[in-house]
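Enquirer: Residue numbers (this note's numbering), protein chains in the order written: chain Z, 1 to 147; chain E, 1 to 134.
Keep in mind the hints are simulated off the structure, nothing from the lab.
Just so you know, even glycine gets a beta-carbon here, dropped at the ideal spot from N, CA and C.
Take these hints with a grain of salt, some might be off.
[Claimed, not checked] Quick list of simulated restraints, FRET-style, between CB atoms:
hint, chain 1, residue 1, chain 2, residue 2, range
1, E, ARG56, Z, LEU60, 36 to 42 Å
2, E, SER49, Z, TYR11, 20 to 26 Å
3, Z, LEU60, E, VAL104, 29 to 35 Å
4, Z, PRO53, E, PHE108, 28 to 34 Å
5, Z, GLY44, E, ALA47, 29 to 35 Å
6, Z, LEU12, E, VAL100, 39 to 45 Å
7, Z, TRP109, E, LEU63, 27 to 33 Å
8, E, ARG56, Z, ALA56, 26 to 32 Å
9, Z, SER103, E, ASN86, 18 to 24 Å
[Said to hold, decoys possible] Over the 10 Å line for every Cβ pair with chain E, so calculated as not near, a few chain Z residues:
hint, residue
10, TYR11
11, ALA33
12, PRO53
13, LEU57
14, LEU60
15, LEU61
16, GLY64
17, LEU73
18, LEU95
19, PHE98
20, SER103
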Amino acid sequence: MPNHSLSPRQYLILGLVAISAPLGDSCLSRGMAAIPAITLAHPGSLIAAVFTPWIALGILLLIGFFASYLTALSWADLTFVLPATAFGYVIIALLARFWLHESISLERWAGIALIALGVGFVAQGPSLTQHPTAEAKESAVSEVETR
Amino acid sequence: MTTTLPAIISPWVAAAMIAAVVLTSTTGEVLTAAAMKSIGDLDVIRAQSGLKGAIRAVLTCPLFFAGVFFLALAFFSLLFALNHLNLSLVGPASASLTLVTNAVAGKFLLKENVDRRRWAAAVLVCVGVYLLAH
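Next up, chain Z with everything else stripped away, as it sits in the complex (with noise of 0.2 Å):
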């Protein structure tokens, strides 16, 4: 595969690393104001915190998103999946405003602007850089194939 052009199912994958993210990020926020402030002096009952129901939920989707995440770190770089991540948010963003009607300031369409822009920049590029070994090593393989 020289060009590296991506699969429905590895779009999919991303889509899942875009959206888990984010959701838990919500639920733990959610989770971590309604306690307590936690000091130093007392770590374990950042252990308790755990077990609330915010924040299981929380880490709930954000054990999805590490699966769906190194599924797609196996097949793409790191400089390729983490802008798809950032993703989330404007997805985010969109769904509070068209699904529960919040209002986006014109600072937020910014934000969701440059980062379409940015997913797009690197969406256009290949999505796994080809070392001379790997390279050495696929094209061999393709040989193989064509013979």
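Here the structure of chain Z is known, so what remains is to put chain E in place on it, guided by the hints.
Expert: Chain E alone, transformed into the frame defined by chain Z:
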């Protein structure tokens, strides 16, 4: 004691909390990415030896656990920061800074081909995330 998100935290302490999140998560992400590259395409492995085989391939990679260790550190420093600061500060600040540190680490540590297109994307997304969540 009721919880209002405090105004007593100095900017330096806030910056240190955010720096801790950024440094630990960058280290964790770079190690994890290196681990996944060394394992190879998970979809291919799964097609050959099933989901169990794919999980085994990941769990037998020492580099993966080094990555997870730092990601766990990043997670708990994020929880700690969220307990003292607003998500609207911690989220965009750590997410956008991590993008840039990862682009640098991707280029020099993972030897990824970070071309002008990817640098531009890292900066655009960084500013975008900040504007969006500020």
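Enquirer: For each hint, tell me whether it holds in the structure or not.
Expert: Taking the hints in turn, this is what the structure says about them:
Between ARG56/E and LEU60/Z the beta carbons are some 23 Å apart, a value that contradicts the proposed interval 36 to 42 Å. In this structure, SER49/E and TYR11/Z meet the distance hint of 20 to 26 Å, their C-beta atoms being roughly 24 Å apart. The beta-carbon spacing between LEU60/Z and VAL104/E, approximately 32 Å, falls within the hinted interval of 29 to 35 Å. For PRO53/Z and PHE108/E, the hinted distance range of 28 to 34 Å is not satisfied, since their beta carbons lie about 42 Å from each other.
The given range of 29 to 35 Å is broken by GLY44/Z and ALA47/E, whose C-beta atoms sit roughly 44 Å from each other. At roughly 28 Å, the beta carbons of LEU12/Z and VAL100/E sit outside the given window of 39 to 45 Å. In this structure, TRP109/Z and LEU63/E break the distance hint of 27 to 33 Å, their C-beta atoms being roughly 41 Å apart. For ARG56/E and ALA56/Z, the hinted distance range of 26 to 32 Å is satisfied, since their beta carbons lie about 27 Å from each other.
Checked against the hint of 18 to 24 Å, the C-beta distance between SER103/Z and ASN86/E comes to roughly 19 Å, which is consistent with it. Every CB of chain E lies more than 10 Å from the CB of TYR11/Z, the least distance being 13 Å, so the non-interface label holds. The beta carbon of ALA33/Z sits about 7 Å from the closest Cβ of chain E, which is not more than 10 Å, so the claim that it is off the interface is violated. Against chain E, the non-interface label of PRO53/Z holds: every CB pair exceeds 10 Å, the least being about 15 Å.
Residue-level check passed: LEU57/Z sits 14 Å from the nearest beta carbon of chain E, beyond 10 Å. Distance check on LEU60/Z: its Cβ is at least 14 Å (rounded) from any Cβ of chain E, clearing the 10 Å threshold; non-interface status holds. Listed as outside the interface, LEU61/Z is consistent with that label: its C-beta sits roughly 13 Å from the nearest C-beta of chain E, beyond the 10 Å cut-off. The non-interface label for GLY64/Z is consistent with chain E: the shortest C-beta to C-beta separation is roughly 15 Å, beyond 10 Å.
With a closest Cβ-Cβ approach of about 4 Å to chain E, LEU73/Z is found to fall inside the 10 Å limit, against its non-interface label. Once the 10 Å rule is applied to beta carbons, LEU95/Z is consistent with being away from chain E; the minimum gap is 13 Å. With a least beta-carbon separation of about 16 Å from chain E, PHE98/Z lies farther than 10 Å from that chain, consistent with its non-interface assignment. Distance to chain E confirms SER103/Z as a non-interface residue, since its nearest Cβ pair spans about 14 Å, more than 10 Å.
When held up to the earlier numbered hints, the structure conflicts with 1, 4, 5, 6, 7, 11 and 17 and fits the remainder.
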